[in-house]
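There are 2 protein chains.
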Amino acid sequence: MLKTYWNEKLQMVETELARLIPAETSLCHTLSDAMNYSLLAGGKRLRPVLLMAAADAVGATGTDFLRTACALEMIHTYSLIHDDLPAMDNDDYRRGKLTNHKVFGDGMAVLAGDALLTMAFEIMAMDVAATPAKALQIVQEMSRAAGPAGMVGGQAIDLLSENKTIDMELLQQMHMAKTGALFLAAIRSGAILGDASEIQLAALTRYAECFGLVFQITDDILDVIGTEAAIGKPVGSDERNKKSTYVTLTSLERAKELAESTVEEALEALRPFGAEADFLRSIVQYLITRDK
Amino acid sequence: MLKTYWNEKLQMVETELARLIPAETSLCHTLSDAMNYSLLAGGKRLRPVLLMAAADAVGATGTDFLRTACALEMIHTYSLIHDDLPAMDNDDYRRGKLTNHKVFGDGMAVLAGDALLTMAFEIMAMDVAATPAKALQIVQEMSRAAGPAGMVGGQAIDLLSENKTIDMELLQQMHMAKTGALFLAAIRSGAILGDASEIQLAALTRYAECFGLVFQITDDILDVIGTEAAIGKPVGSDERNKKSTYVTLTSLERAKELAESTVEEALEALRPFGAEADFLRSIVQYLITRDK
Chain F
1 MLKTYWNEKL QMVETELARL IPAETSLCHT LSDAMNYSLL AGGKRLRPVL
51 LMAAADAVGA TGTDFLRTAC ALEMIHTYSL IHDDLPAMDN DDYRRGKLTN
101 HKVFGDGMAV LAGDALLTMA FEIMAMDVAA TPAKALQIVQ EMSRAAGPAG
151 MVGGQAIDLL SENKTIDMEL LQQMHMAKTG ALFLAAIRSG AILGDASEIQ
201 LAALTRYAEC FGLVFQITDD ILDVIGTEAA IGKPVGSDER NKKSTYVTLT
251 SLERAKELAE STVEEALEAL RPFGAEADFL RSIVQYLITR DK
Chain A
1 MLKTYWNEKL QMVETELARL IPAETSLCHT LSDAMNYSLL AGGKRLRPVL
51 LMAAADAVGA TGTDFLRTAC ALEMIHTYSL IHDDLPAMDN DDYRRGKLTN
101 HKVFGDGMAV LAGDALLTMA FEIMAMDVAA TPAKALQIVQ EMSRAAGPAG
151 MVGGQAIDLL SENKTIDMEL LQQMHMAKTG ALFLAAIRSG AILGDASEIQ
201 LAALTRYAEC FGLVFQITDD ILDVIGTEAA IGKPVGSDER NKKSTYVTLT
251 SLERAKELAE STVEEALEAL RPFGAEADFL RSIVQYLITR DK
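First to last, the protein sequences are chains F and A.
With the working numbering as the guide, the letters of the first sequence map in order to residues 1 to 292.
With the working numbering as the guide, the letters of the second sequence map in order to residues 1 to 292.
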């Protein structure tokens with residue numbers, strides 16, 4: 001179930017993403033190339049798949065909202081490009097490929113990120129699969145999640161915490177904003193587009209919060225026990241960079257326990273749902289077994 | 001008329017901008033400080049004033065749309081912050097103040113720009129002065145204007161043209177995207193919010209295209225004949241940087257003529273309008289007499 005569903009949605013996302021930025025007709029070909037370089041670099045496509053899965057879970061057809069799902073992936077991609085810049089994490093590789101600025105230069109990488117973010121809002125606002133009121137609500141959800149009270153705010157805390165030990169409270173606050181907010185927006189947006197009831201939306205919001213937490217904890221665990229070949233970037237970087245993580249602030253064992261209990265909480269949140277939510281059930285369980 | 005109207009609107013914009021990003025309640029205070037540092041650095045506030053003036057021109061009350069007008073200024077501000085980065089123009093001063101990255105560091109400046117852009121869409125999408133359908137239309141206008149087919153696309157062409165002579169066609173294309181698109185979005189958004197008829201919207205679109213062109217030509221002229229004290233940044237930078245401009249590609253005299261004839265065209269576009277469009281008439285004429 002997990003693999004089939006995921007692969008099917010992932011293929012649709014890849015096909016749609018490849019259509020979104022046609023280089024030939026664009027104002028600046030190099031900019032389009034830079035955008036496509038990172039946008040089409042593969043990856044798990046977790047966020048768009050979660051958006052569609054949340055719509056499925058409330059009885060709608062998730063793939064109807066493929067374009068908005070892809071726009072969300074553009075926001076995620078922009079954040080990776082800017083995060084990798086020398087002024088930020090200064091990473092040379094991402095998913096086993098040179099990072100955007102290593103190929104196109106720092107200036108063009110800044111612009112490619114800016115362009116992906118801006119175009120994402122255009123695509124959401126133009127999505128004819130949603131009523132104007134719904135499309136507007138999605139722009140609201142996504143901009144709040146990606147802005148200073150969400151993802152960018154979390155990145156700013158992260159930037160200021162470099163080479164500093166931070167406590168568990170700030171760590172959780174940072175991750176809830178930096179990574180959690182976009183997962184939350186993905187799942188809530190899918191639910192909203194799928195005409196979720198208030199009760200369904202609240203349950204999926206709770207699920208999404210747990211999902212984001214499990215994702216981050218298992219990400220920290222992978223940095224310790226993962227392999228470079230599987231992850232596509234060097235492991236052990238958190239320790240080298242003296243970064244506070246769920247593992248460094250507790251222990252590997254304690255981090256695993258926290259991940260497992262949070263998975264249980266996520267499943268509990270899905271209890272009111274039928275088989276339509278099976279993918280959401282599988283994918284949060286998959287997180288604690290993943291090797292990348 | 002020009003000064004009174006402008007000052008009144010400018011004061012409202014300043015007051016509203018100062019309210020938008022309260023540092024105390026924000027997730028990351030430093031990020032809020034960095035956003036406010038550039039957002040509240042003064043300036044002519046041309047774009048928000050034009051948005052409100054366009055709404056006035058079609059018989060609505062422009063100040064009703066103050067929040068969306070301020071959101072547009074946030075987009076303009078983000079573009080300045082990213083433009084000033086070492087990876088782009090590498091400018092140390094802007095409006096007589098240190099640039100954002102000189103004060104907050106390159107990484108925080110990238111994030112402050114990202115946050116301003118993202119929050120701008122949130123504010124537009126949340127603007128209760130517009131119906132959901134209208135707010136959505138504004139998000140569409142603004143995202144298209146600011147994205148790869150507009151402002152960011154123009155900046156990318158600009159970045160690739162550094163130390164290169166470009167021809168008049170590419171110069172015009174670049175400026176229409178880099179500067180013109182946001183003026184166009186300002187004026188069209190004001191018209192749309194003010195319930196313009198199709199004919200009024202077309203006329204104001206024509207006016208906006210002329211306005212953007214006059215703005216750019218006079219900007220190029222100021223770089224030659226302006227004073228550092230008035231402009232707040234060194235003059236003669238275009239010549240030093242071997243930048244192609246309307247002046248370098250033609251002559252100072254020819255550039256002035258082109259600016260004047262384009263002002264005539266802008267006024268012609270406004271012919272169907274009554275006294276409600278007087279500010280738009282004055283401000284395009286002001287452009288050719290300005291000293292900053």
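Quick caveat, the hints were computed from the structure, so don't treat them as lab data.
Predicted model, so just to flag it, every value in this text is computed and none were measured.
No residue lacks a Cβ here, since even glycine has one placed at the ideal position from N, Cα and C.
A couple of the hints might just be wrong.
[Claimed, not checked] 35 Å max Cα-Cα, derived DSBU-like pairs, lysine-lysine:
1. K97(F) / K134(A)
2. K164(F) / K256(F)
3. K292(A) / K102(A)
4. K243(F) / K102(A)
[What the hints assert, rightly or not] So, partial list: chain F residues that the calculated Cβ filter (under 10 Å) puts toward chain A:
5. M1
6. T4
7. L85
8. P86
9. V103
10. A112
11. A120
12. A129
13. A202
14. G226
Evaluation of the provided hints:
no.	hint	in the structure
1	K97(F) / K134(A)	violated (42 Å)
2	K164(F) / K256(F)	holds (24 Å)
3	K292(A) / K102(A)	holds (23 Å)
4	K243(F) / K102(A)	holds (26 Å)
5	M1	violated (35 Å)
6	T4	violated (35 Å)
7	L85	holds (6 Å)
8	P86	holds (8 Å)
9	V103	violated (14 Å)
10	A112	holds (8 Å)
11	A120	holds (8 Å)
12	A129	violated (14 Å)
13	A202	violated (21 Å)
14	G226	violated (26 Å)
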